[in-house]
Every structure is written in C-alpha cells, then in structure tokens.
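**Student:** Below are the chains, spelled out letter by letter.
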Amino acid sequence: MRRNTDMKKWFVIYIFLFLALFSASGEDNKEVTADVKTSVSGYLIHGFLDTSDNTLRDTATIPNALGKSGVDLYYTIRTNQRAGLIVYASITPFEQQVAAEDKQTSISIDSVMVDGKIVTPVNGLQYISNGQSAFSLDAGVTEENAVQDNRYQLINFDSTYGQNEYTYVIHITANQREVSEAPAGQYIASVTLSLMYKD
Amino acid sequence: MVVIGVTAIFASSARVDIPSSLSATLTDTVEEGDVSIFVYDEYGARQSGMITTVEFTFPSDPGAWEVDHDVPFGYSSNLFEGKRGILSFDVTPLHKDKDDVVPTYISLETSNPDVKVVNDSEFVIDFRKGYKGEVSLGILNIAVRKPAGKILEAGEYTGSISVNLSTSN
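Chain order of the listed sequences is A and B.
In the numbering used here, each residue's number is its place in the first sequence (first place is 1) plus 10.
In the numbering used here, each residue's number is its place in the second sequence (first place is 1) plus 878.
Derived by calculation from the structure, the hints in this document are not laboratory data.
This one's a predicted model, so the numbers in the text were calculated from it and none came from an experiment.
By construction, the Cβ of each residue, glycine as well, lies at the ideal position given by its N, Cα and C atoms.
Among these hints, one or two may not hold up.
Unchecked claim - Partner residues are not named here, just some residues of chain B that face chain A (Cβ under 10 Å, in silico):
#1 892
#2 893
#3 894
#4 895
#5 897
#6 898
#7 900
#8 904
#9 905
#10 906
#11 907
#12 909
#13 966
#14 1004
#15 1007
#16 1009
Said to hold, decoys possible - No more than 25 Å apart at the CA atoms, straight line, and that leaves these computed lysine to any residue pairs for SDA-like:
#17 A:208 with B:1029
#18 A:78 with B:903
#19 A:113 with B:1005
#20 B:1007 with A:108
#21 A:208 with A:90
#22 B:961 with A:208
#23 B:961 with A:196
#24 B:1010 with A:74
#25 B:1010 with A:183
#26 A:127 with A:194
#27 A:208 with B:893
#28 A:78 with B:1020
#29 A:113 with B:957
#30 A:113 with B:992
#31 A:113 with B:895
#32 A:127 with B:901
#33 B:1010 with A:191
#34 B:1007 with A:74
#35 A:78 with B:958
#36 A:113 with B:1008
#37 B:1024 with B:1034
#38 B:994 with B:1020
#39 B:1010 with A:108
#40 B:1010 with A:112
The task is simple: from the sequences and hints, build the whole structure.
**Tutor:** Structure representation (structure tokens):
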C-alpha cells in the first residue's frame, strides 16, 4: 500500500517536469533537435520481363524460334544507382537434338537486334560475368571465331537518377537458308546475358 | 521550438554486386517432309507437279526407225528415318487411232548408289533420313520403234506415262 502511494507520487512529479519543460522552452525559445538518419540500399537486378505480370525471371523459354520473323526477348534492368553498364550475350547456334551417335546439325544465328538496331558479334570480351570467375576470352579469340561463337555486346548504357527501369527488346533470327535445308527434328539455342560495370 | 532533422542517405556510394547471368532457351522443330518425286523436261528444267510433255517427231522414212527421249526424275525429302521406295513406270503405246499404233519401250538408268533398277521398269530407292533437297534418281528412256513395212497415217499420236511410288519403312 505504501508502495502504491509512492508510485502515485512519482507520477505526479513526472507530469510536472514535463509541463515545466515545455513551459520553459516556450519562453526561452530553446530548440530540441532529433536527427533521424536512414539509408536506401542500392540495388541492381536484371531479368527477362514477363510482360503479363511485369515480373523479372532468370530464365525464359521461347518456342517457334526458327521462323523467318524471329523471336523477341524482353530484357529489363532495374537499378537505383547511377552506373555505367554493359550487357553481354552469348548466343549459341540452334543445335539439333539427336542421339549421341548421330551427327548433329546446327543452324546459325542470322541476326541479333536490340530495339531494332543490328548488333554484330564482337571479339575481345574479357569476362562473361562478375558472377563467375573472371577469365579472359581474348586468348585465341579471333574476329572469325567470335562470330562463330556469337558473342555480342548488346547494350551499353548509363543509368540515371529518376529512372530505375530499362527495358530492351532483343530480337533474334535464325539463318533461314539453313532452316530450309535442316534435317527434320527439334532444335535448341541458348542465350546467356551477363551484366558488367563499364569500369 | 522543436526541430526534427531527417537525413536520408540515398543509395550508398558502394557498388552493388552484379547479378548472376540469365539464360534463355530458344526452341523449334523442323517438320518432317515426305518424299516428293519430280520430273524434268527435255531442257533440264524441273517441272512443277508430275506433269511433263514429251514430244516425238517421227521420221518420214518408210523403213524401220526408232526415236527416243530421256526423262530425268528426282526427289526431295526430309525424313526422320530412312525408308525404301519403289518408283515404277508404265508407258502406253503412242496411237492415233486403233489402227495406227506405235509400240513404246522403256529403259532405266541411274548413277545414284541408293537407287537400283529392277525389272527394267522400276527404281528401288533407299531414301535416306535427313534433308535431301534435290536428288537425282535416274533417267527414264522412252523409245518408239516402227518396224519396216508398217505404214503410219499422218497425224498426232498420243500416249501417256504413269509413274507410281510406293514406300515402306
């Protein structure tokens, strides 16, 4: 019982001090400053854009890819940081799916376009991806076999403040003469996209 | 006066890690194309469909004579698996009417190792799997022979060639 009395007493004192504080600050124009600091984390993600729900996916499967009109891949980068970025691609020819003992036929890539502009194969690429161990592709890479291997520098851009999503349409067309002369069967090509900082 | 300062540090200056590579798969199927036989005309031009015209000019010699024409055949296909086929020929005599008839004879020759001539009137063919754009099968030779002493009335003589392909796996 005595303890309860003490608690009430202290409670009254607290209120008093609180009122006194405000009363005093009003008269003396004192400032109370509370600094709140936070940070927004940087992010950099990329993926194949699923246009049906606007999500990004790490993988994509595109059917009917041998047609003369080609196929589109929607590729999106989302970032809130300012950076210079390059997107590299490695695009294999279409390989016929055959039994191990059978001779495999390839259909080459005829053209690659990004947003309607033709992109030609390059040599001298240094890295596939920062996600992998860095290795030089220069060794033994001539312009000729760069073309054969279908390595491309697809996109070279600088992200800017105020924009955090960059979408590109990558259009790939198979060599139609080779399609017309290809043995019947299923064919598969793979596209690997890698991001790199410019410097 | 109460002042509350809010400081937001937007995106640290340190670079974020590069995300992993992406991988897309492009797929499609080249459909199987069955065997298609075609014929060339006398000038070597490939004919559309299976129709061609072979014209013979008969000599005016009252004695025995023979005229002939070569008709080349070819094929195209795109098979999953190879198969065997028989291309057989049947040529009617050339006739103007029931009394004016000239017998015809056929012979076959080929340089294609996948083609064999059987019974002088059939090509037996091993159609290979895979794309075959325009493969020569061989030549059908059609000969018209008039024996000595037979009189042919002037006019137009007609006949026909029937070509039949049967295949089995």
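**Student:** Would you list, in rising numerical order, the hints stated earlier that this structure does not obey?
**Tutor:** 13, 14, 17, 22, 26, 28 and 31
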